[in-house]
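As they're listed, the protein sequences go chains A and B. In terms of the numbering used here, the first sequence has 231 at position 231, counting the first letter as 1, and numbering is strictly consecutive. In terms of the numbering used here, the second sequence has 262 at position 262, counting the first letter as 1, and numbering is strictly consecutive.
A portion of the hints provided could be inaccurate.
[Stated by the list, open to error] Taking lysine-lysine pairs in the DSSO-like style, the calculated list, with each CA pair at most 27 Å apart, reads:
(1) B:K13 with B:K194
(2) A:K111 with B:K111
(3) B:K44 with B:K12
(4) B:K44 with B:K111
(5) B:K5 with B:K44
(6) B:K111 with A:K44
(7) B:K195 with A:K111
(8) A:K219 with A:K194
(9) A:K111 with B:K30
(10) B:K195 with B:K218
(11) A:K13 with A:K84
(12) B:K251 with B:K13
(13) B:K111 with A:K30
[As the list claims (entries may be wrong)] Stretches of chain A that chain B covers, calculated by requiring three or more beta carbons in the stretch to come under 8 Å of a beta carbon on chain B:
(14) 70-77
(15) 124-134
(16) 161-171
It is worth saying that the hints were derived from the structure and are not from the lab. Positions of the beta carbon are idealized from the N, C-alpha and C atoms, including for glycine.
There are 2 protein chains.
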Amino acid sequence: MTRKKLFGQILKKKSYLCVGLDTDINRIPKHLLQYENPVLEFNKQIIEATQDLCVAYKPNVAFYESMGPQGWQILAETLEHIPKEHFTIADAKRGDIGNTSEMYARAFFDKMSFDALTIAPYMGEDSVRPFLGFQGKWVILLALTSNPGSHNFQRTLQENNEPLFEKVMRSSAEWASPEEMMFVVGATHAEDFKKIREIAPDNFLLVPGVGKQGGDLKKLSELGMNDHVGLLVNSSRGILYAGDAEDFAEKAREAALVLQREMEVVLNERFG
Amino acid sequence: MTRKKLFGQILKKKSYLCVGLDTDINRIPKHLLQYENPVLEFNKQIIEATQDLCVAYKPNVAFYESMGPQGWQILAETLEHIPKEHFTIADAKRGDIGNTSEMYARAFFDKMSFDALTIAPYMGEDSVRPFLGFQGKWVILLALTSNPGSHNFQRTLQENNEPLFEKVMRSSAEWASPEEMMFVVGATHAEDFKKIREIAPDNFLLVPGVGKQGGDLKKLSELGMNDHVGLLVNSSRGILYAGDAEDFAEKAREAALVLQREMEVVLNERFG
Chain A
1 MTRKKLFGQI LKKKSYLCVG LDTDINRIPK HLLQYENPVL EFNKQIIEAT
51 QDLCVAYKPN VAFYESMGPQ GWQILAETLE HIPKEHFTIA DAKRGDIGNT
101 SEMYARAFFD KMSFDALTIA PYMGEDSVRP FLGFQGKWVI LLALTSNPGS
151 HNFQRTLQEN NEPLFEKVMR SSAEWASPEE MMFVVGATHA EDFKKIREIA
201 PDNFLLVPGV GKQGGDLKKL SELGMNDHVG LLVNSSRGIL YAGDAEDFAE
251 KAREAALVLQ REMEVVLNER FG
Chain B
1 MTRKKLFGQI LKKKSYLCVG LDTDINRIPK HLLQYENPVL EFNKQIIEAT
51 QDLCVAYKPN VAFYESMGPQ GWQILAETLE HIPKEHFTIA DAKRGDIGNT
101 SEMYARAFFD KMSFDALTIA PYMGEDSVRP FLGFQGKWVI LLALTSNPGS
151 HNFQRTLQEN NEPLFEKVMR SSAEWASPEE MMFVVGATHA EDFKKIREIA
201 PDNFLLVPGV GKQGGDLKKL SELGMNDHVG LLVNSSRGIL YAGDAEDFAE
251 KAREAALVLQ REMEVVLNER FG
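Isolated chain A, as found in the complex (with noise of 0.2 Å):
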């Protein structure tokens, strides 16, 4: 999907809401245990009762790989439930030397057919490139991830006195346009979206935190917003598990909705 294609959908929408499809089979409800496969259906539910109200879709793989080879096929089988026109992460993390991530690369944009697949930036570069290239497909780099573990080495000051995840920005902005790369900036510090647009004026963000990690939707929408949108706000746990009986399509239709709103007013705003 190109950015052009991708800020239509959030205008026509009204919505950047990601939903993050991180499916716990030891969390949904007790209900869909009857069905042959719980996790599938689960997902189905889940994504007739969100679509209208997001514009992408992003799958946590580790949850698939938890379940074995099946979990694999549940991960294909849900890609292909989601409407052509939703952008889809596989959120992997991945990241190796170049023969191994060219395997990757052949596993997410080829054997299944996401749009974006996250990466990890600590191999460098040779690690990122084999991602890069592949018509209409997307690398999401971590630069400032939502964890409390973001401070053991991303804010660690470089000898010119930059944090880590500025250097990973400003190093990767020379591997590949903002037509093909967004990064992973988490919602938990709403004051450092002024600071990456600087360096990432154009790049599409891709922001996790917002909800069960405390994240300030309003706040990182004013800062962080540029003029294609450039942000894509994930929920997960805050939409999935919204409600725990017969009816949880509907709570998490709730929440979800909850989000659009907001996203709704500021986008009226902006570009109304």
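Following the hints, complete the assembly by docking chain B onto the known chain A.
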């Protein structure tokens, strides 16, 4: 597997060789394509031909993922063909926020029964801790990798003039003991091993980059060995693809034997 048991295996076999099972269906001998499961057949023959010469096997998970759901089945079946006395490493380079890392731990330590998993450190402490505390299981943290991109961030000097990879090693020593944490240190710069042993005197190091990538086995062994040997030296392509005809397993054995004999000389000098 405990550190003591691994040390014992090394002395018994006079080898600290790890064979990397990075099996690419496009590179295996053509006659294997007649088998129902060519990759598994290749792995079985490689394991049979090399098991007395090595103490560890390390499948790179990317190569199996790239085959879709069936690839995970092949990975699990490959693991079953590895004798119990071998140390098994899933080279997956995972790392995610706490609840997701738990899922990965479940996938590799419970669903499949690997002894160790490689982890990328970029997301910090709470992305690593969920992999710790499994009895007999190991985290192998990326420190200094063998690829050109290791210069992009891993060697970047921090404000105290310490390269990032040293900070990673020093920080993570506070999270886990040498009984459950190893580090990946590439063989391409043997001179680094002296400094690395000052930082991590007791940890095992998993060393890729010998062979195709040009590392010097003798020199890095002299500088990197500790009183538990403390080294697992990996070779993948140099062994797997030593031959491309019906005698590929024999050729793989010959390539492994060259490395094992070099190791035997070093071990006899030090522990003989």
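Exercise for review: Take the C-alpha atoms of B:K251 and B:K13, compute the straight-line distance between them, and say whether it is at most 27 Å.
Suggested key: holds, 20 Å
Practice item. Tell me if chain B covers the region 161-171 of chain A under the three-residue, 8 Å CB rule, please? Key: holds (count 5)
**Study point:** Coverage of the region 124-134 of chain A by chain B, judged on three or more residues with CB within 8 Å
**Key:** holds (count 5)
Review point. Straight-line Cα separation of B:K13 and B:K194 no greater than 27 Å?
Key: holds, 26 Å
**Study point:** Pair hint outcome, A:K219 versus A:K194 [Cα-Cα no greater than 27 Å]
**Key:** holds, 11 Å
Check your understanding: Are B:K195 and A:K111 close enough, with their CA atoms no more than 27 Å apart?
Key -> Roughly 43 Å between the alpha carbons, so the hint for B:K195 and A:K111 is violated.
Review point. Is it true that the CA of B:K111 sits at most 27 Å from the CA of A:K44?
Key: holds, 25 Å
Check your understanding: Holds or violated: are the alpha carbons of A:K111 and B:K111 at most 27 Å from each other?
Key -> holds, 23 Å
Review point. Residue count check for the region 70-77 of chain A against chain B: does it reach three with CB-CB under 8 Å?
Key: The restraint on the region 70-77 of chain A holds, since 5 of its residues have a Cβ under 8 Å from chain B and three suffice.
Review point. Does the structure keep A:K111 and B:K30 at a Cα separation of 27 Å or less?
Key: holds, 23 Å
Review point. Is A:K13 within 27 Å of A:K84, Cα to Cα?
Key: Answer holds: A:K13 to A:K84 is near 14 Å, not above 27 Å.
Review point. Would the pair B:K111 and A:K30 pass a check requiring their Cα atoms to be no farther apart than 27 Å?
Key: holds, 22 Å
In terms of the numbered hints stated before, the structure departs from hint 7 and from no other.
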